[in-house]
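Number of protein chains: 2
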Amino acid sequence: MSYVPSSELVARIADGDVRAAGRLMSRAEAGAEEARAALAEIYRRAGRAHVIGLTGVPGSGKSTLVAKMAQALRARGEKVGIVAVDPSSPYSGGAILGDRIRMTELANDPGVFIRSMATRGATGGMARAALDTVDILDVAGYSTIVIETVGVGQDEIEIAHASDSTIVVSAPGLGDEIQAIKAGILEIADIHVVSKCDRDDANRTLTDLKHMLALGALTRDKPLWQIPVVAVSSYTGQGIDALIARIDAHREVLKSTALGAQRRGRVAAFRLAKTAETVLLEGFRSAAATISAPLAQRLAQRASDPYSLARELINDTIRKEYSNELAR
Amino acid sequence: MSYVPSSELVARIADGDVRAAGRLMSRAEAGAEEARAALAEIYRRAGRAHVIGLTGVPGSGKSTLVAKMAQALRARGEKVGIVAVDPSSPYSGGAILGDRIRMTELANDPGVFIRSMATRGATGGMARAALDTVDILDVAGYSTIVIETVGVGQDEIEIAHASDSTIVVSAPGLGDEIQAIKAGILEIADIHVVSKCDRDDANRTLTDLKHMLALGALTRDKPLWQIPVVAVSSYTGQGIDALIARIDAHREVLKSTALGAQRRGRVAAFRLAKTAETVLLEGFRSAAATISAPLAQRLAQRASDPYSLARELINDTIRKEYSNELAR
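Protein sequence lines, in the order shown, are assigned to chains B and G.
Counting in our numbering, the first sequence runs from 1 upward without gaps.
Counting in our numbering, the second sequence runs from 1001 upward without gaps.
Hints are computed from structural coordinates only; laboratory data are not their basis.
Predicted, not measured: the structure shown is a model, and the values here were computed from it.
Cβ pair distances, simulated, as ranges:
no., chain 1, residue 1, chain 2, residue 2, range
1, G, Pro1223, B, Arg285, 23 to 31 angstroms
2, G, Gln1297, B, Ala289, 34 to 42 angstroms
3, B, Leu215, G, Glu1252, 49 to 57 angstroms
Think about it this way: if two alpha-carbon atoms lie no more than 25 angstroms apart in a straight line, the pair counts; the simulated SDA-like pairs of lysine to any residue are:
no., chain 1, residue 1, chain 2, residue 2
4, G, Lys1255, B, Ala293
5, G, Lys1255, B, Ala300
6, G, Lys1255, B, Ala303
7, B, Lys320, G, Val1279
8, B, Lys255, G, Ser1304
9, G, Lys1210, G, Val1253
10, B, Lys320, G, Phe1270
11, G, Lys1210, G, Gly1237
12, B, Lys79, B, Ala242
13, B, Lys79, B, Ala107
14, B, Lys79, G, Arg1302
15, B, Lys255, B, Pro223
16, G, Lys1320, B, Tyr307
17, B, Lys320, G, Asp1316
18, B, Lys320, G, Glu1312
19, G, Lys1320, B, Glu282
20, B, Lys320, G, Ser1308
21, G, Lys1210, G, Thr1064
22, G, Lys1320, B, Ser308
23, B, Lys79, B, Asp248
24, G, Lys1320, B, Glu321
25, B, Lys255, G, Gln1297
26, G, Lys1079, G, Gly1047
27, G, Lys1079, G, Ile1240
28, B, Lys255, B, Arg44
29, G, Lys1320, B, Asn315
30, G, Lys1320, G, Arg1298
31, G, Lys1255, B, Gln297
32, G, Lys1320, B, Asp316
33, B, Lys320, G, Tyr1322
Glycine included, C-beta positions come from ideal geometry on N, C-alpha and C.
Only chain B is shown next, with the shape it has when bound in the complex (with noise of 0.2 angstroms):
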């Protein structure tokens, strides 16, 4: 399609047209100056679709799980939207991954959608764009989508947890070091699944998780709802029925109780902190590229130490990117 105004975007991608939303993607992940207005309505009109992130550490089978489940939605009905923030995921690398298992199937169902995110050199934004990505697939008609991120890294685990059921995937026989990168992202489970319980050892994986929500750790805080730990196998289909059930029964307490509220209102504190340090950041940014060169030669001599050079670096952009702010 020629150039369209991405005030016109809108209202075609409430429309259900998915070229429309692509379009739109592109420019937020862009950071376009001109989606702002457009992504502003977008924001204001979503909150209908439920949003699930899923994450797990590599090698956990996360993409093809994501998979699966799309295709049991999609047999209900529903419309699905995928975004993947995972350099490691089959939907933006095919040709790095096996490609174990076949995407295109799901790629063509008009009522799929995947979206691949690149995360590299992305710092910040990633989060902001990834967000951006599921409202407008939310406007769009898309019921349930899915935010797949792989959890090595604060930014993946946080957009992951930046939704409103969480799932952590863990796997049998991965080894020491991924299951250490592994404890930081535990906690963050509404749902646990066990990926590859075809394999003889699942069950340990199984009972340590289980161990573990026993003792409570992971369950404090969370008192009206009782984290699952839901054993799947994408190869065989075992469970993903079950998990389609658990998700389904997380939807309904977060309906039908306060921990709705409660959800929302932490997404959206995420979302306005993590949005703000982007904006602040990136005018801090392009504010201090133009003045920072002396200063950075000074600490090369070591003349001056960090702090007090980051200090006056950051009193100088905030006097020349805020002064007509301050002054009003």
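Chain G: place on chain B using the hints.
This is chain G only, laid out in the frame that chain B set:
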């Protein structure tokens, strides 16, 4: 020892007092206001040590390699500092790992100082604290300092690159997903290491790396230094001496060519930017904490949008935090 003011710690550290060094590191990590002047003094005195940043994906055998390197450097009389910014490091979590290697031998050597730093929840501040720790070890007389980070997450990669010589460790036989993550870190290497070269499949990893380097994609902008690929086995000891020789050669090139000043300039610019961003964000977060709740509530109700509210929050906090600065 009883309470010692930070100002006094610097003199003790310069005398090689390791307990004083540990004390100031803890204060630096905690972000203690009181440590600031001492750290400024440390920074001005530092700059003698050769700092090696070492990173690689989980499972690449980083910690074992660092231990072997430390032994080799000790054998020629160097004092060695190790800063492990790695949640899976055996230094920090021997209980998590199977502890396949004996760290006790190293840990009991007074010529080796090992400092482990947590990574979770310390976004931004971690880089600052890690680099402060390196400077403290520098002033305390450690001649080679290795910062080990796990090569996942932007922060960890940047820290490994904020060094004189950056080593990227690859290993044979890791899964596809791990390889995909790895792609993001290859370009920062001054020296490539292929670990576990006693394995049959190590040759393929070696060939792949050399092929990439031959293609030139990873060597551009570094005409004064040919990036080598060193095969090592921490198990048999093969290649460790060759690796040390390459590090020495890189150090020599930094000393004798324009590359050294260029490198120091880049690291200083990174450190200034990182410190400033951390200080700016810390100030913003503490100021925003008291005024953001009503804005987050409006966001949760979708009465406004993230960007507009973020701008409002930023302007309010800047006005609150910097009005005195700006009035001057």
